[in-house]
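2 protein chains.
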Amino acid sequence: MKINKVAIVGGTHGNENTGVFLVNKLKNALPEYKGLKLKYLLANPMAIKNTRRFMDHDLNRSFGIKELQNIESSEYEFNRAKVINYELGPKGNPKYDFIIDMHTTTSNMGVTFIFSEINKINLQLACYLSEKNDSLNLYYHPPESKDVDSDQPYLNSISTFGLPLEVGPVPNGLLRHDVIEITEKTVRDTLEFITLLNNDSLPDFPDSLEIFQYIETILFPCDDDGNITAYIHKDLQDKDFCQLKQGDPIFYTVDNKTIYFENEFPMYPVFVNEAAYYYQDIAFSLSKKISISTHLT
Amino acid sequence: MKINKVAIVGGTHGNENTGVFLVNKLKNALPEYKGLKLKYLLANPMAIKNTRRFMDHDLNRSFGIKELQNIESSEYEFNRAKVINYELGPKGNPKYDFIIDMHTTTSNMGVTFIFSEINKINLQLACYLSEKNDSLNLYYHPPESKDVDSDQPYLNSISTFGLPLEVGPVPNGLLRHDVIEITEKTVRDTLEFITLLNNDSLPDFPDSLEIFQYIETILFPCDDDGNITAYIHKDLQDKDFCQLKQGDPIFYTVDNKTIYFENEFPMYPVFVNEAAYYYQDIAFSLSKKISISTHLT
Numbered sequence: 000m001k002i003n004k005v006a007i008v009g010g011t012h013g014n015e016n017t018g019v020f021l022v023n024k025l026k027n028a029l030p031e032y033k034g035l036k037l038k039y040l041l042a043n044p045m046a047i048k049n050t051r052r053f054m055d056h057d058l059n060r061s062f063g064i065k066e067l068q069n070i071e072s073s074e075y076e077f078n079r080a081k082v083i084n085y086e087l088g089p090k091g092n093p094k095y096d097f098i099i100d101m102h103t104t105t106s107n108m109g110v111t112f113i114f115s116e117i118n119k120i121n122l123q124l125a126c127y128l129s130e131k132n133d134s135l136n137l138y139y140h141p142p143e144s145k146d147v148d149s150d151q152p153y154l155n156s157i158s159t160f161g162l163p164l165e166v167g168p169v170p171n172g173l174l175r176h177d178v179i180e181i182t183e184k185t186v187r188d189t190l191e192f193i194t195l196l197n198n199d200s201l202p203d204f205p206d207s208l209e210i211f212q213y214i215e216t217i218l219f220p221c222d223d224d225g226n227i228t229a230y231i232h233k234d235l236q237d238k239d240f241c242q243l244k245q246g247d248p249i250f251y252t253v254d255n256k257t258i259y260f261e262n263e264f265p266m267y268p269v270f271v272n273e274a275a276y277y278y279q280d281i282a283f284s285l286s287k288k289i290s291i292s293t294h295l296t
Numbered sequence: 000m001k002i003n004k005v006a007i008v009g010g011t012h013g014n015e016n017t018g019v020f021l022v023n024k025l026k027n028a029l030p031e032y033k034g035l036k037l038k039y040l041l042a043n044p045m046a047i048k049n050t051r052r053f054m055d056h057d058l059n060r061s062f063g064i065k066e067l068q069n070i071e072s073s074e075y076e077f078n079r080a081k082v083i084n085y086e087l088g089p090k091g092n093p094k095y096d097f098i099i100d101m102h103t104t105t106s107n108m109g110v111t112f113i114f115s116e117i118n119k120i121n122l123q124l125a126c127y128l129s130e131k132n133d134s135l136n137l138y139y140h141p142p143e144s145k146d147v148d149s150d151q152p153y154l155n156s157i158s159t160f161g162l163p164l165e166v167g168p169v170p171n172g173l174l175r176h177d178v179i180e181i182t183e184k185t186v187r188d189t190l191e192f193i194t195l196l197n198n199d200s201l202p203d204f205p206d207s208l209e210i211f212q213y214i215e216t217i218l219f220p221c222d223d224d225g226n227i228t229a230y231i232h233k234d235l236q237d238k239d240f241c242q243l244k245q246g247d248p249i250f251y252t253v254d255n256k257t258i259y260f261e262n263e264f265p266m267y268p269v270f271v272n273e274a275a276y277y278y279q280d281i282a283f284s285l286s287k288k289i290s291i292s293t294h295l296t
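Sequences listed follow chains V and A, in order. Sequential numbering from 0 applies to the first sequence in numbering that gives the first Met the number 0. Sequential numbering from 0 applies to the second sequence in numbering that gives the first Met the number 0.
Derived by calculation from the structure, the hints in this document are not laboratory data. One should not assume that every hint holds.
Because identical chains share one entry, a pair is satisfied inside a single copy or across any pair of copies.
The calculated lysine-lysine pairs, modelled on BS3-like cross-linking and capped at a C-alpha distance of 30 angstroms, are [to be verified]:
1) K24 / K256
2) K38 / K26
3) K36 / K256
4) K238 / K184
5) K131 / K33
Just so we're clear, the structure is a prediction, and the values are computed from it rather than from any experiment.
Work out the full structure, taking the sequences as your base and the hints as a guide.
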């Protein structure tokens, strides 16, 4: 198969300035790439203007089939999602074969390629990017349901192939040179991958790949009024993708007590202390490290 | 003189979670301190609820005499400032002798005591806190006007004495264990200082103190439409209070050029890449390092 049209998206969250900056930079500096048709898009212009993640609802949770079909919804992001779906989609039969969606995080996630679907092209891209960047992390968040056609709410779910990219740590609302640099490099490496794929010129890849697979979400301890009563312990802070063992500190409470990890089996925390998840009381997620074959057909 | 009543304030900026957390924690854990009357205050409850710096106007720029006197103003923060001024002030003749205002910053400011007035008690406190914390930074931002009675717009300006505290780097909208810990320690050290001051039991201090004095504000380069065309160079990122010499990189442009520091004399940058200052296009400030006598009368 050939990928001809690629959408490069920034500002899906309006306070993640890196993607916004790179859309504005690259649409002039890189209007096309070796024959690929590129489309640049600022996904959430109102949130960008207000330097907020979203106005009414998280745009990157607004692309479920049900939400896209409900034309009665009043929220800004549910409407914006439909506009983007008209432009890049429709979901399931999209005009754009491949979507790069540039995100940042306050967590120490380094450069992380998140994929919610394991298919041959996603795995080849993971291999290719891993060779270009030793410290690339691969994070697999499977659909909630075990149904293989299970629906996803992410902007990237409009097309089958793509790169949802997370880079951090970086505070919201600002630009960091190092974060811009590595994000731009990863976007350019991805475009090069697509041209190699189109020309049947991909290099040989290893037989297997190490990825982190999402297992569960860990919430902050809260009191009866819903207020957080403990925060991430300093020993866990910034330790995304580092092994967490039984007995390791995870939280520190308002009354100065340490809470320890009780899981019998070691796990790997991800999205530790992401600011955007506080409103849902999400402290971090747990993943397991698995090896998967790259020989999908 | 004796200081009897101390106000401990958090959430003057609603997305700086550390101060909010510590007000809620300490009002229970530390309702008084060795006879000192303590008042805890969440300064901007609407902004805290929305995890935003402010709703209509920066609360910490709303305490000028002119703004406090104008009862016609509609903005949330101008009204909130008046409420706080009734409660802790009135400015010039306050009910509270000393205000601790806890802030955080996305800049690598470490623990910084900002003082906008050099007086004996502020200098003694600076000496005391410096002995408790080797890496404490002292930053003096003099009033805009040379008039000694020049007005200040900060919450702290309600009282003559106080500790406007900045701790960073930390992203907005989250809690970090290390930042909470050092902020709480500095608050407790300050309360101990006040009791020693009240009992004439302060230790001897060195004859002079090294402080960083604000000189000027450096703006981001912008195009004709007001869009930022360069960001902080990675060599300057996180280098608050480090010497900046002629020829050192300061910005990196959208068309991949480095902009260098042209000042003939070395300076010390502060508030490098603070997210909250982007809307005013402020990139960083410059300060000079000076030594001042601690023997004020």
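We went through each hint and held it up to the structure:
1. K24 / K256: Classified as between: cross-chain Cα gap 13 angstroms, same-chain 48 angstroms, threshold 30 angstroms.
2. K38 / K26: Within one copy only: 8 angstroms inside, 54 angstroms across.
3. K36 / K256: between (56 angstroms within a copy, 27 angstroms between copies)
4. K238 / K184: Both: 24 angstroms inside a chain and 25 angstroms across chains, each within 30 angstroms.
5. K131 / K33: within (19 angstroms within a copy, 60 angstroms between copies)
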